[in-house]
Structures are given as structure tokens and as C-alpha cells.
Amino acid sequence: MKFRATLVAIFASILWFHVPAQAGDRDLEILVVNMTPDAASDEASRTCFQRVLRGIRNDGTHLLRRGETGLLRLVQRDDPREFMSWPDEALTDAHSRVQTHNIPLDSIALVDCRPSEQSLVVRVSSPSGATSRIRLGGFAVEEHAAFVARRIRDRAWAGWSP
Amino acid sequence: MKKSAGAVLFRMKRTTIFACGVLIALAGCGSEASASGTSASSLAAQEPSRAASAAPEQVEATGEPEAAAAEPGSEEGGSESELAQNIEPRPPLFVVLSEGEPLRSEAREIDGAERQIRRRIGELERIEIAEADRAAVRSWFQPEGLVVGNANVPVAYRGAPIIVAIEIAAPVRNRRGRRVSQGVTGLAVFRPDQPSTGFVSAGPAGIYVSSYIEEFELAPVAAAILATREGDAS
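Chains as they are written, first to last, in my numbering: chain P, 1 to 162; chain H, 1 to 234.
There could be a bad hint or two in this list.
Computed footprint of chain P on chain H; a stretch qualifies when at least three of its residues, placed anywhere within it, have a C-beta under 8 Å from a C-beta of chain P [claimed, not checked]:
(1) 108-119
(2) 194-200
Ranges between beta-carbon positions, derived for each pair [stated by the list, open to error]:
(3) H:Glu101 <-> P:Thr47: 39 to 49 Å
(4) P:Val8 <-> H:Arg179: 52 to 62 Å
(5) H:Ala130 <-> P:Glu43: 39 to 49 Å
(6) P:Asp88 <-> H:Arg179: 41 to 51 Å
(7) P:Arg26 <-> H:Val172: 27 to 37 Å
(8) H:Arg134 <-> P:Ile103: 34 to 44 Å
(9) P:Glu89 <-> H:Arg138: 18 to 28 Å
(10) H:Asn174 <-> P:Ser161: 12 to 22 Å
Simulated from the structure, these hints should not be mistaken for laboratory data. Note that the Cβ used here is the ideal one computed from N, Cα and C, for glycine as well.
Turn these sequences into a full structure, and let the hints steer you where they fit.
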């Protein structure tokens with residue numbers, strides 16, 4: 001009996017040490033906006049955006065969506081076509097304006113995918129207060145949507161803290 | 001007698017369970033050891049620098065399509081643009097833009113990156129940026145650089161089928177006055193004869209050279225860029 005109890009204790013302790021600690025852990029809060037202009041938007045561009053979205057979404061990510069108009073209000077800008085040259089602060093200052101359960105945004109990712117023009121352009125802000133620009137062009141960009149999504153995720157996590 | 005036989009049986013059970021436990025533990029250690037052995041050997045197999053520099057034809061023999069596509073000696077110059085006809089073909093180029101002297105740790109990582117890229121795309125020539133070309137190279141990582149088509153590519157770089165460029169931020173001093181790396185702030189992979197065909201990532205994302213290159217999954221992108229050259233030729 002005593003022996004069995006010892007065995008159970010040993011196995012229980014092994015299991016205990018194999019479970020990673022998760023105190024204070026939370027998902028990355030990321031807002032993703034499709035910035036492809038209506039005039040350039042078609043089935044291929046929507047599919048491309050969905051591929052990027054699918055690539056960003058994973059276990060540790062809480063994805064938020066908003067339309068272009070909502071984004072412009074959030075970042076207090078007028079022209080969506082200029083999003084690659086907006087100052088960093090336009091995006092990073094907006095992090096605190098969107099909250100989910102009192103948790104502000106960690107990142108905003110703006111995606112403009114136009115397979116017909118062989119162009120995929122992304123602007124992504126990170127919790128560190130910086131923003132990154134990613135451009136892909138001149139070939140079948142939609143085939144590399146997952147690759148770009150991973151790059152977005154990397155940058156979105158930079159400087160993250162629970 | 002019967003009782004003592006039971007006791008023996010119980011003791012045997014304990015011994016058996018204990019032995020099983022030891023065996024399982026040993027098996028676990030063994031598999032771990034063999035797993036690490038596998039990764040070590042695969043790492044050794046992936047070690048690119050010596051293989052690439054000592055015997056470039058071995059890189060070709062790996063069968064990587066991008067290695068073959070990156071081969072600068074391939075005869076496609078005849079049907080290239082006028083520009084390409086006038087410029088001597090070169091191997092793919094590796095360019096490192098850094099403000100000031102990189103830290104020793106960064107220099108090591110850059111060397112590692114070079115080996116990785118060489119393994120991915122075949123032959124690779126690392127070139128020092130001439131002072132006159134620095135502004136042009138810096139412009140690749142600017143918001144309006146490269147893919148919008150207004151890139152400034154120095155003439156000396158134009159014979160290459162592809163350029164891989166890394167921008168390293170200048171180290172900063174921490175509170176103790178020690179210089180600390182800021183990591184990679186830019187990565188560009190593009191065709192010098194057609195700069196709008198490529199991939200550019202720029203921004204102080206705080207990503208270090210090693211982690212950038214560890215996940216250097218640009219091989220498919222580089223292959224896609226090189227494939228556009230083949231498309232031009234046909």
C-alpha cells in the first residue's frame with residue numbers, strides 16, 4: 001500500500017513538473033485590417049487577405065477585426081492610401097484606444113494584398129512602440145501569404161509583456 | 001510457507017515494477033540521446049560554409065532548385081535586357097549595412113547568416129559597401145524604397161541575379177555604458193535589374209540576426225524571385 005502511494009506520488013510529481021507555468025500569461029491582442037482599396041479588391045485579394053489572417057491566427061493570438069473606416073477613426077487619419085507613411089505614433093498611440101477586458105492592443109497589422117498587381121504590402125506595429133514595413137512584389141505574392149503572416153507575427157510580438 | 005511465498009511474489013512484483021521503471025527511464029534517456037544525436041548530425045550535415053566554399057559543385061548536387069537557379073554561369077545573358085548584356089554576370093550578392101563597427105557577437109551572427117543563405121541559394125558573394133554606395137543601399141530599407149520601383153541600385157551590383165541585404169542597427173549603450181546590439185532592422189531580397197521584384201522588411205523590430213536567419217524561410221521567396229528571371233528569358 002505504502003509502495004503504491006509512493007509510486008503515485010512519483011508519477012504525480014513528474015506530471016506536475018511537465019506542465020509549463022502559465023501564471024500571468026495572456027494572448028497577444030492584435031487588430032488586423034484589410035487595407036486593399038475597394039477599386040483593387042477582388043476575389044483573389046480577399047483570398048490572399050484570408051490566408052494572411054489564417055497565418056497570424058494561432059494559439060497565443062487574440063485576433064480583432066475592424067474595417068478601414070473604423071481604423072481611420074482609431075488612428076485619427078484621413079487617407080487610407082497613405083498608411084505606409086503614417087508616423088509610427090499614429091498606430092502605437094492607438095493601441096490603448098482599443099481594449100478587450102481592460103487589456104490594450106499589442107499590435108495593429110494593416111494588410112494590402114493585390115495578387116493581380118503582384119503586390120503585398122504590410123505595416124505592423126509592435127508593443128515595443130516601433131512599426132515595421134513589409135513589401136513583397138513582382139511574383140505570385142498570394143503564394144507567400146503564410147510566409148508574410150509569420151513575419152507579421154514575429155514583429156507583433158516584439159517587446160510584448162503580459 | 002504459503003505466506004512467505006506470497007511475500008516473495010509481492011517482492012518480485014516490486015522488483016519487476018522497479019525494473020520496468022528503470023527500463024523506461026533508460027529507454028527515455030536513450031531516445032533523447034539518439035534524438036540529440038540526430039539533430040547534431042543533421043546540423044553537421046547542414047553545416048554549409050565548408051561544403052559551399054570548398055566544393056561549390058556539391059551545393060548544386062543537393063538538388064535545391066534555387067541553387068541551380070542562382071547559378072550565375074548559366075547562359076541566359078543573351079536574351080536578357082540591354083542592361084544585363086553590358087554588365088558582367090556576378091554570383092548572388094550578400095550585403096551588410098551597418099552603422100559603425102558591428103559588435104563581435106553581431107559579426108559572428110552575420111557570418112552564420114551568410115553560411116545559411118549560401119546553403120539556401122547556392123553561391124553567394126559578400127561585398128563591402130563602398131562609401132559612395134552607402135546612401136543607395138540605405139535607401140532600400142526606406143519606406144518608399146525598392147518595391148515601389150524607385151530603388152537606387154549601384155551599377156556594381158547589377159550583374160547579380162539576386163541581392164540579399166541585411167541592415168544592422170547601430171548598437172546603443174546601456175545604463176552601465178556597455179554597447180548593446182539592436183539587432184536586424186532590415187532585410188531585402190530582390191533582383192537588382194528589376195528592384196520591384198523582391199521582398200523587403202524594414203523596422204526596428206528588435207529581432208536579432210540569429211533568430212532572423214534561423215527562420216530564414218526566404219528560400220521559397222528567393223526561388224520565386226529567381227524564377228521571374230527565367231520567365232524573362234523564355
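Which numbered hints turn out to be false for this structure? Structure breaks hints 1 and 6.
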